[in-house]
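Colleague: Please work from the sequences and hints to get the whole structure.
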Amino acid sequence: MREGSDITHSIDNCTEEWLASSNVTGKIVLCYAPREAPSMLPRVELPRTINRTVSAGAKGLIFAQYNMNSLDSLTACKAGMPCVLVDYEIAQKIASYWENTENPIVKVSPTMTVVGDGVLSPRVASFSSRGPSPLYPGILKPDITAPGVSILAAVRGSYVLFSGTSMACPHVSAVTALLKSIHPDWSPAMIKSAIVTTASVSDGFGAPIEAETVPRKVADPFDFGGGHIDPDRASDPGLVYNVDAREYNKFFNCAIGLLHGCESYQLNLNLPSIAIPDLKDHVTVQRTITNVGAVGTTYHAVLEAPAGVVMSVEPSMITFAKGSSTSMTFRVSFTTRRRVQGGFTFGSLTWSDGNTHSVRIPVAVRTVIQDFVADTS
1 MREGSDITHS IDNCTEEWLA SSNVTGKIVL CYAPREAPSM LPRVELPRTI NRTVSAGAKG
61 LIFAQYNMNS LDSLTACKAG MPCVLVDYEI AQKIASYWEN TENPIVKVSP TMTVVGDGVL
121 SPRVASFSSR GPSPLYPGIL KPDITAPGVS ILAAVRGSYV LFSGTSMACP HVSAVTALLK
181 SIHPDWSPAM IKSAIVTTAS VSDGFGAPIE AETVPRKVAD PFDFGGGHID PDRASDPGLV
241 YNVDAREYNK FFNCAIGLLH GCESYQLNLN LPSIAIPDLK DHVTVQRTIT NVGAVGTTYH
301 AVLEAPAGVV MSVEPSMITF AKGSSTSMTF RVSFTTRRRV QGGFTFGSLT WSDGNTHSVR
361 IPVAVRTVIQ DFVADTS
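Numbering of the sequence shown is given in the UniProt record's numbering, commencing with residue 1 and proceeding in unit increments.
If you're looking for bench data, these hints aren't it; they were derived computationally from the structure.
All of these numbers come straight from a predicted model, not from anything done at the bench.
Wrong hints could be hidden among the right ones.
BS3-like, lysine-lysine: derived pairs with alpha carbons at most 25 angstroms apart [stated by the list, open to error]:
no., residue 1, residue 2
1, Lys27, Lys141
2, Lys93, Lys27
3, Lys107, Lys93
4, Lys217, Lys93
Modeller: Written out as structure tokens, the structure reads:
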């Protein structure tokens, strides 16, 4: 427990001018600027604020931010100066205490580690790349999310907590390698499909995964694609969406303008997702699923239609009988129920055998009434 210390607070995010004029030497500073929350990036602003308060001679820092993980940035705290992260609600209570107490004092206790169900996890980090893809809006991105925040990583003979794609990518790479070792005959597209279609969209309590934004919100496919990676389920997906390598060549030729009709081609590329960026009235897309599970299994389609859209699938039941083809093609139709220039709404298509396998792909649809126009009112 640190000794008590005077506290002062800033409502303009602890600028150099405020720190210089406020005599914060030996004090613990509360940086609390709720009006700047919509435009402030804590991962950028926090290290700067730490450096400014250290240079000003402060004894500690309490930094208010919207709910997100910024623990990696606390390494900028020097000489053992305590740095504490709080949300705006707690910061308001501290500020009220400061304003209504003649001699406000703050005590900083040692950090506490929480392990297990008491942690809100998984959730999508604020720095994680979001969709839609500006170049190819007919292809849903991202594909998947994986652990990438405060990962204990080996660095030059030691270990450091790091965050970012460089931490998430090894998790996905390892799962891919494991799947290839279990299913050596699977193509890269089959492995990707197994990972995407078995991902989780809820936490251990069954609540929807959340995404760090301003403010925090329920995650959607533009935050996490198919969801959070689940290696155990990916090893036995039941069904996969396979793509012949030649189809990727066609897509590449579309991308560089060597083929025509590419918009329709993008919609029907056999990916484990569906994205329709310009639904004006009615669109039908097709996908092919391949059985990699038990022969004789019957799957039923379970639809979660995007808001404002009527969604149907034909056929709605598929049986992989003994001696029949291991692949089946189905069509998904989308009809808009509202004539608006709107944003994307989200849903899903799941093939379920009612027992072991639930093969889910994300769906994103945007209705439009005019080309090259965003929202109209």
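Colleague: Does the structure break any of the earlier hints, and which numbers would those be?
Modeller: Hint 1 is the one this structure does not satisfy, whereas the remaining hints hold.
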